[in-house]
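Trainee: Those protein sequences? They're chains B and V, same order as listed.
Quick note: the working numbering has the first sequence finishing at residue 195, numbered continuously throughout.
Quick note: the working numbering has the second sequence finishing at residue 186, numbered continuously throughout.
One should not assume that every hint holds.
Said to hold, decoys possible - Straight-line C-alpha distance at most 25 angstroms; calculated DSS-like pairs for lysine-lysine:
1) B:LYS136 to B:LYS76
2) V:LYS130 to B:LYS174
3) B:LYS136 to V:LYS172
4) B:LYS47 to B:LYS136
5) V:LYS130 to B:LYS136
6) B:LYS189 to B:LYS47
7) B:LYS181 to V:LYS172
8) B:LYS47 to B:LYS79
9) B:LYS189 to B:LYS136
10) V:LYS172 to V:LYS130
11) B:LYS79 to B:LYS136
12) B:LYS47 to B:LYS76
These are calculated hints, taken from the structure and not from any lab test.
Only a predicted model underlies this, so the values are computations on that prediction, with no experimental measurement involved.
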Amino acid sequence: MAAGAAAGDAVTAVTEQGLADELEWVERARQADTSAFESLYRLHVDKIYGLCLRMTGNASEAEDCTQDAFIQAWRKLAKFRGDSAFSSWLHRIAVNAVLVRMRKSRREQDRIQAVTDISPAAKTVGDSGNLEDLQKAVDELPAGARRVFVLHAVYGYSHDETSSMLGIAVGTSKAQLHRAKRLLAQQLKQNGYES
Amino acid sequence: MNENQSFDDKLMEAARALETEVAPEHDLWPNIENAIARPSRTRWNTVFAQAAAVLLLVGASSGLTYLAMNEKTPVGTLITDNTGLNYERASFGGHYTLGPGYQDARSGLRAQLEEELERLSPEARAEVEKNLNAIRAAINEINRALADEPDNVLLQELLLSTYREELSVMMKVDRVVNAAMLRTDI
Numbered sequence: 001m002a003a004g005a006a007a008g009d010a011v012t013a014v015t016e017q018g019l020a021d022e023l024e025w026v027e028r029a030r031q032a033d034t035s036a037f038e039s040l041y042r043l044h045v046d047k048i049y050g051l052c053l054r055m056t057g058n059a060s061e062a063e064d065c066t067q068d069a070f071i072q073a074w075r076k077l078a079k080f081r082g083d084s085a086f087s088s089w090l091h092r093i094a095v096n097a098v099l100v101r102m103r104k105s106r107r108e109q110d111r112i113q114a115v116t117d118i119s120p121a122a123k124t125v126g127d128s129g130n131l132e133d134l135q136k137a138v139d140e141l142p143a144g145a146r147r148v149f150v151l152h153a154v155y156g157y158s159h160d161e162t163s164s165m166l167g168i169a170v171g172t173s174k175a176q177l178h179r180a181k182r183l184l185a186q187q188l189k190q191n192g193y194e195s
Numbered sequence: 001m002n003e004n005q006s007f008d009d010k011l012m013e014a015a016r017a018l019e020t021e022v023a024p025e026h027d028l029w030p031n032i033e034n035a036i037a038r039p040s041r042t043r044w045n046t047v048f049a050q051a052a053a054v055l056l057l058v059g060a061s062s063g064l065t066y067l068a069m070n071e072k073t074p075v076g077t078l079i080t081d082n083t084g085l086n087y088e089r090a091s092f093g094g095h096y097t098l099g100p101g102y103q104d105a106r107s108g109l110r111a112q113l114e115e116e117l118e119r120l121s122p123e124a125r126a127e128v129e130k131n132l133n134a135i136r137a138a139i140n141e142i143n144r145a146l147a148d149e150p151d152n153v154l155l156q157e158l159l160l161s162t163y164r165e166e167l168s169v170m171m172k173v174d175r176v177v178n179a180a181m182l183r184t185d186i
């Protein structure tokens with residue numbers, strides 16, 4: 001018990017230290033310190049790339065979106081007031097970067113057209129070994145449904161937050177989630193997943 | 001996993017278990033560093049050039065004012081334009097006021113300006129603010145000179161033209177930011 005408490009204290013101390021470092025980096029980056037911004041990049045790049053990858057379903061586009069997001073973050077740093085966590089602020093910028101880039105992307109249109117042509121998946125949902133198949137199925141969802149599913153189901157944003165980030169109505173967010181679940185269920189069941 | 005759990009719940013549970021942190025295959029920092037180190041060459045340069053032209057105009061006008069004052073140019077001088085017509089230079093008679101339309105436009109633009117400047121990069125914002133501050137400093141200078149010589153027509157006209165230039169720069173900021181937002185914002 002005492003050891004657990006000590007470990008908990010240590011984790012809290014590390015977390016607090018991490019937050020203090022992040023705040024200091026943000027402050028220094030605002031003064032045009034690129035090395036501080038690089039530290040912020042190193043701290044957040046996996047989260048931002050992960051989000052971009054889930055939202056685009058394409059590694060190359062995700063890299064482009066990640067770069068765009070960090071460049072935009074650098075340019076908008078003065079606007080960051082610290083009202084929310086830096087990571088949340090960065091997430092919003094990344095979602096915006098994805099939306100901007102995907103509008104330009106012809107491949108996105110191709111993906112929407114190809115939605116009915118979904119490749120076979122493995123046999124069960126929920127087993128860690130088959131998460132990759134679920135990810136693949138998510139990647140192949142139509143863009144609108146995929147973005148809502150990723151933000152709401154994978155990242156845990158509420159419908160209010162999701163709709164605000166995507167610039168859509170709350171009702172549309174709910175409808176897209178419903179559509180995403182239906183398409184995923186169809187796809188997974190067709191390929192032998194059991195309910 | 002619970003047998004009775006609906007497929008929907010299983011799906012959501014599985015979704016929550018997906019990795020949210022993924023390392024990119026390549027280090028993206030060098031490209032980002034290049035992009036943020038490069039001075040952004042945007043249409044703001046046009047605005048800065050115009051603001052610089054305004055400052056030049058203010059400076060030149062101030063010089064002319066100084067010369068005119070030294071020559072003791074009388075108020076209400078007859079002027080001949082290139083059509084050969086004579087007319088008297090307009091005077092505000094020492095009771096200088098700006099119209100309500102102008103005041104409304106200026107107040108509205110100034111209120112929007114702060115918000116719009118926040119959308120710029122720190123460097124671009126600093127440049128715009130620097131130029132607007134220079135114009136406003138010129139306005140203050142002319143106002144101080146007018147306090148000593150309220151009937152000086154050249155000073156009055158210079159003040160009017162400087163106010164107009166301030167308004168024009170603020171309108172350009174408004175137009176350019178909104179045009180940029182249409183292209184890149186959601």
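Trainee: Are the Cα atoms of LYS130 of chain V and LYS174 of chain B separated by 25 angstroms or less?
Mentor: 47 angstroms, violated
Trainee: Verify the proposed pairing of LYS172 of chain V with LYS130 of chain V, using a straight-line Cα cut of 25 angstroms.
Mentor: It holds: about 15 angstroms lies between the C-alpha atoms, which stays within 25 angstroms.
Trainee: Starting from LYS189 of chain B, check that the Cα of LYS47 of chain B is at most 25 angstroms away, please.
Mentor: Not OK: LYS189 of chain B and LYS47 of chain B at ~30 angstroms, beyond 25 angstroms, violated.
Trainee: Tell me if the straight-line CA distance from LYS136 of chain B to LYS76 of chain B falls inside 25 angstroms.
Mentor: The given pair, whose Cα atoms are some 34 angstroms apart, is violated under the 25 angstroms limit.
Trainee: For the pair we were handed, LYS136 of chain B and LYS172 of chain V, check the Cα-Cα distance against 25 angstroms.
Mentor: Measuring from Cα to Cα gives roughly 48 angstroms; hence the hint is violated.
Trainee: Hinted pair, alpha-carbon criterion (25 angstroms max): LYS79 of chain B, LYS136 of chain B. Please report holds or violated.
Mentor: Violated: LYS79 of chain B and LYS136 of chain B sit about 36 angstroms apart, past 25 angstroms.
Trainee: Are LYS47 of chain B and LYS136 of chain B close enough, with their CA atoms no more than 25 angstroms apart?
Mentor: Distance of about 19 angstroms is within 25 angstroms: holds.
Trainee: Tell me if the straight-line CA distance from LYS47 of chain B to LYS79 of chain B falls inside 25 angstroms.
Mentor: Since the Cα atoms of LYS47 of chain B and LYS79 of chain B sit roughly 21 angstroms apart, the hinted pair holds (cutoff 25 angstroms).
Trainee: Do the alpha carbons of LYS47 of chain B and LYS76 of chain B lie within 25 angstroms of each other, as the hint requires?
Mentor: 19 angstroms, holds
Trainee: Between LYS130 of chain V and LYS136 of chain B, does the CA-CA distance stay at or below 25 angstroms?
Mentor: The hint is violated at about 52 angstroms.
Trainee: Measure nothing beyond the straight line between the CA atoms of LYS189 of chain B and LYS136 of chain B; if it is 25 angstroms or shorter, mark the hint as holding.
Mentor: 14 angstroms, holds
Trainee: Is the hinted pair LYS181 of chain B and LYS172 of chain V satisfied, with a Cα-Cα distance of at most 25 angstroms?
Mentor: Given that 25 angstroms is the threshold and the Cα spacing comes to 47 angstroms, the pair is violated.
In this structure, the hints that do not hold are numbers 1, 2, 3, 5, 6, 7 and 11, in rising order.
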